[in-house]
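Take the sequences, apply the hints, and build the full model.
Just so you know, we're using the UniProt record's numbering here: the sequence shown kicks off at 1 and counts up by one.
Hints are supplied without guarantee of correctness; some may be wrong.
[To be verified] Pairwise CB distance ranges (calculated):
| # | residue 1 | residue 2 | range |
| --- | --- | --- | --- |
| 1 | 19 | 198 | 50 to 56 angstroms |
| 2 | 42 | 277 | 20 to 26 angstroms |
| 3 | 154 | 238 | 39 to 45 angstroms |
| 4 | 43 | 240 | 18 to 24 angstroms |
Hints listed in this document are in silico derivations from the structure and should not be mistaken for laboratory results. Beta carbons are placed, not taken as given, at the ideal position from N, Cα and C, and that holds for glycine.
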Amino acid sequence: MRKAVALPLSMLGLGLAGLGYASVVERNWFRLRRFDVPVLERGQRPVRVLHLSDLHLTPRRTMLINWVRSLGALEPDLVVNTGDSLAHPEAVPSLLHALEPLLSRPGLFVYGSNDLYAPQPKNPARYLWRTSKNDRRQHVPNLPWEELGAGMAAEGWLDMNNTTARIKVGDLDVAVAGIHDSHINRDRYDLVAGPAPADADLRLGVMHSPEPRNMTRFAADGYQLLLAGHTHGGQLCIPFYGALVTNCGIDRARVKGLSHHDSAWLHVSAGLGTSPYAPARFACFPEASLLTLVPRR
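Written out as structure tokens, the structure is:
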């Protein structure tokens, strides 16, 4: 009888320890990942792009705020924020405080669904058999996305939601196309469609959710590097196996990190935050990425 009880109790203890680790330790164990991306022409000087995504910030996440502030010491040539910055209606001042050491650098941003719609309690297990696309009950945005965008734009960062732009990054003339979040059907690729400017030194595509249909169009139009977030890298992963789900159309093998999509390089950030209603990460550390763009060999 004692053996029959001991096994379930030990399993319960192991589960509680794992949950504590995932929600207290790993969720706050922020990491900077570094990648070299051979996308430039020979003779061009390397530039460094800091890719931030999915902070899901609430005002009291002091450790996350301070860690993001520390990234200012990297002095990147460009900062790209691929959305889902907010998770609370009063988080905009905290986010701008976190970004303050970076806002003097050239920057770009797009929105994710959680910049518009506040998170809701959900059963996270359902992601094992479905995505959260079109799953929210709200129909009118209830987060201050306009204040968020105005705060970043006031410091010179470019709003790239369903638009194109040119920006100087180091010695490079960069052509950028960006789209709003496909996860809530606000992407309008037709507004940016067409061949990317051939005279640009670099052609960059920016989005929140890495949906293959949009990535294919970016690559076909000549964009060389695509940046996205949204997936959280799977958030709860199995060691030596990886993500169980991606919560979008991309395959598990490309749920985070650097890979290819057709002729383009693709970087998917695993992001820095979680929903306040699912505050845990396992085998998937919160991260930002520093991409050093270097000449092709």
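Checked hints:
As the Cβ distance of residue 19 to residue 198 is approximately 53 angstroms, the hint placing it in 50 to 56 angstroms holds. Checked against the hint of 20 to 26 angstroms, the pair residue 42 and residue 277 fails, with Cβ atoms roughly 49 angstroms apart. Here the CB-CB span from residue 154 to residue 238 is close to 43 angstroms, well matched to the stated 39 to 45 angstroms. In this structure, residue 43 and residue 240 break the distance hint of 18 to 24 angstroms, their C-beta atoms being roughly 42 angstroms apart.
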